[in-house]
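There are 2 protein chains.
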Amino acid sequence: MSITFPRGFIANGIHSGVKKEGLDLGLLLSTCNASASGMFTTNQVKSPSVIITGERLKSGLLRGIIANSGCANACVGRQGFIDAEYILDRLGGILGEDPKLLGIASTGVIGKRLPMEKIIEKLPILADGLSREGGTLFERAIMTTDRVVKEVKTSFFYNGTDIRIGACAKGSGMIHPNMATLLSFITTDLNIDHRLLKIVLKSSIDASLNAVTIDKDMSTNDSVIIMANGMSGNIEIRDEREKGFLLFRDALKDVMVEIAKKIARDGEGASKLIEVEVTGTEDEAQAIRMARAVAGSNLFKSAVWGKEINWGRIISALGANSDPFDSDRISIYFGDVKVVENGIEVEFDKNMVLKILDGKEVLIRISVGDGSGRGKAWGCDLTPEYVYINGSYLS
Amino acid sequence: MSITFPRGFIANGIHSGVKKEGLDLGLLLSTCNASASGMFTTNQVKSPSVIITGERLKSGLLRGIIANSGCANACVGRQGFIDAEYILDRLGGILGEDPKLLGIASTGVIGKRLPMEKIIEKLPILADGLSREGGTLFERAIMTTDRVVKEVKTSFFYNGTDIRIGACAKGSGMIHPNMATLLSFITTDLNIDHRLLKIVLKSSIDASLNAVTIDKDMSTNDSVIIMANGMSGNIEIRDEREKGFLLFRDALKDVMVEIAKKIARDGEGASKLIEVEVTGTEDEAQAIRMARAVAGSNLFKSAVWGKEINWGRIISALGANSDPFDSDRISIYFGDVKVVENGIEVEFDKNMVLKILDGKEVLIRISVGDGSGRGKAWGCDLTPEYVYINGSYLS
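Protein chains in written order, with the numbering used here: chain A, 1 to 395; chain B, 1 to 395.
It is possible that part of the hints are untrue.
[Unchecked claim] Pairs of lysine to any residue residues, derived as SDA-like cross-links and limited to a Cα-Cα distance of at most 20 Å, are as follows: (1) Lys-338/A with Ile-389/B; (2) Lys-112/A with Val-346/B; (3) Lys-112/B with Cys-32/A; (4) Lys-307/A with Ile-389/B.
[What the hints assert, rightly or not] On the chain B side, residues computed to face chain A include the following (Cβ under 8 Å): (5) Trp-305; (6) Ile-315; (7) Leu-357; (8) Gly-359.
Note that these hints are calculated values from the structure, not bench results.
By construction, the Cβ of each residue, glycine as well, lies at the ideal position given by its N, Cα and C atoms.
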């Protein structure tokens with residue numbers, strides 16, 4: 001129940017009937033208004049849930065979020081907006097809160113309306129059961145094809161107290177349109193201005209969730225929402241140079257990198273986590289782009305599944321990406337074993353590399369030059385199981 | 001033996017030892033110098049075979065092409081250039097032709113040198129066996145994981161005679177780096193200026209091979225080469241407005257669309273051809289881009305394999321592409337059955353659509369607006385077999 005680890009957050013999760021079985025409706029609430037910010041899918045087609053929540057976050061304030069799995073509330077025309085707003089209005093009434101301070105996130109099948117009667121009927125039960133312990137239920141209620149709950153918590157000492165951060169996510173793929181993919185929620189009891197929250201959220205997501213790739217598809221519903229309710233009692237952080245800001249930035253990045261790895265490890269059908277680190281680029285962003293190009297190559301992912309030392313696919317994937325590099329200067333390591341130097345295969349211990357490919361985490365390190373930039377991306381192997389899952393999602 | 005269907009082309013294919021077994025070395029020769037043009041991979045990392053042939057084509061003239069399968073001659077440093085040029089020099093000597101009029105194309109594993117001794121030893125046998133009938137052997141010698149030979153021929157009447165066009169290709173994926181992918185060769189006995197040949201090649205490839213997508217990866221070796229030797233005896237075509245040019249343009253496009261479909265149908269592990277047609281765009285290029293975004297979505301491809309009517313993945317794939325459209329105006333047809341209108345699912349005969357998904361060719365038609373643009377793209381379903389093939393390519 002990481003999501004309710006920070007002070008002043010309560011949550012719940014129930015089965016409402018959006019899915020045939022299992023938890024499918026969650027509620028996360030702060031006991032006071034929280035600074036808030038969000039990042040959403042860049043798909044041109046966005047779920048009304050995404051659009052409405054994005055609009056409401058412009059105030060920089062949020063009290064709570066309702067999230068459902070099983071239905072994306074996308075591609076259902078104007079009705080999708082009416083349904084989402086009605087749920088939030090009714091929920092506001094039940095909670096005695098301003099509905100404009102509530103957000104909604106949805107994930108599941110595209111093109112089907114939310115089962116409104118079932119959801120509305122269950123709202124009182126959902127609200128009644130809010131508790132700190134309910135964090136676990138919330139974390140489970142947002143899952144679709146996920147095999148495991150993805151949650152991380154941490155704390156750091158600042159201003160005489162421990163500042164707590166909690167996060168959870170669902171999403172077997174970063175980018176599964178029909179699964180309508182990645183939802184992530186982050187809570188903290190830090191007191192911080194919402195403009196700074198926005199900055200720190202973006203930098204942490206760029207180096208974590210935005211560096212994950214499962215299948216290059218992109219959802220209509222990807223949403224990451226952070227709430228900071230200030231319950232730890234520190235004086236509001238308003239400057240990027242404050243020590244509290246720097247501590248928070250680093251802690252949040254660590255949390256989200258852990259979440260990113262959990263998502264990649266649990267990629268649909270995945271049997272292994274692939275971590276690709278690129279060094280020697282001009283900056284971190286370039287390194288992440290290049291690392292992601294490798295982590296996202298179907299061919300390389302298939303080779304990892306098949307435990308093949310197929311470094312040619314790494315160079316090919318880098319070349320198909322648009323960041324320039326000199327293939328004659330590239331070095332490639334599988335784990336700690338150097339396989340390629342100056343663009344050419346060197347002698348290496350094949351059995352050692354096969355052992356690395358046999359593990360649950362395969363680390364690929366690529367040096368492309370002398371620059372100081374470095375960055376990581378995460379993905380998973382492509383397995384026959386991925387096809388089975390996505391070939392029978394509606395069934 | 002389509003490739004030797006036009007007058008004045010002879011060919012051969014043999015086993016030289018690049019691959020463990022099967023034909024792996026082919027030679028295609030015109031009996032006189034031919035106008036020629038080529039299009040090559042845009043991967044930053046290019047095989048020396050690609051770079052050398054591209055350089056030689058700048059003269060607009062070519063006499064012959066040697067092609068090998070099993071080794072991409074890529075990522076082997078400077079040696080790749082030395083090896084390719086040595087093969088061409090020796091071949092020129094054997095044929096008694098200027099080596100500068102010979103090109104080379106390679107496909108296969110990246111990072112391994114060409115087995116030079118084996119190839120050089122077999123060059124005389126390769127040249128000795130050149131014949132019109134040898135076209136079939138050439139077409140087979142370029143295959144890697146291809147299950148079937150891909151060849152098309154046609155002719156049209158112009159200037160008192162039949163102008164013949166032949167084409168062949170290999171490539172289970174447009175874009176398989178390590179398979180070092182798509183090679184295609186086109187021959188014609190038309191007499192045409194090489195500058196016009198370049199124009200007509202580009203327009204036909206943009207609407208055919210460049211509209212195929214198997215797995216979004218891109219090879220270091222993709223090459224398409226056309227040779228026009230003028231043996232049909234027409235006066236050289238030098239103007240885009242000439243009737244002969246227009247007839248040739250249309251015929252070549254038809255040939256290359258057939259080749260594109262053959263490649264998609266034989267995509268690695270594929271069980272079905274997927275044809276996506278987009279209408280109502282501003283122009284053809286936009287329609288092709290949008291169609292290709294759908295044909296290339298792992299999720300949609302998996303759904304087709306699993307015979308699921310998952311139109312949400314179509315809209316999601318379009319939204320993840322950068323061409324703007326209004327999702328509230330979109331209509332989607334599976335075959336002739338309308339499933340979505342104005343962005344919302346309509347009532348339709350589910351059994352009829354399931355029957356369409358059960359066929360060997362699945363046609364998806366998408367109307368996005370009132371524009372006059374229309375275009376098609378081709379792909380294949382994503383199957384567990386794809387992963388098996390690419391997880392054991394080196395073995």
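Going down the list of hints, with the structure as the test:
1. Lys-338/A with Ile-389/B: violated, 26 Å
2. Lys-112/A with Val-346/B: holds, 11 Å
3. Lys-112/B with Cys-32/A: violated, 64 Å
4. Lys-307/A with Ile-389/B: holds, 12 Å
5. Trp-305: This interface hint holds because 5 Å falls under the 8 Å limit.
6. Ile-315: This interface hint holds because 5 Å falls under the 8 Å limit.
7. Leu-357: violated, 11 Å
8. Gly-359: violated, 16 Å
Hint check: violations occur at hints 1, 3, 7, 8; the rest are consistent with the structure.
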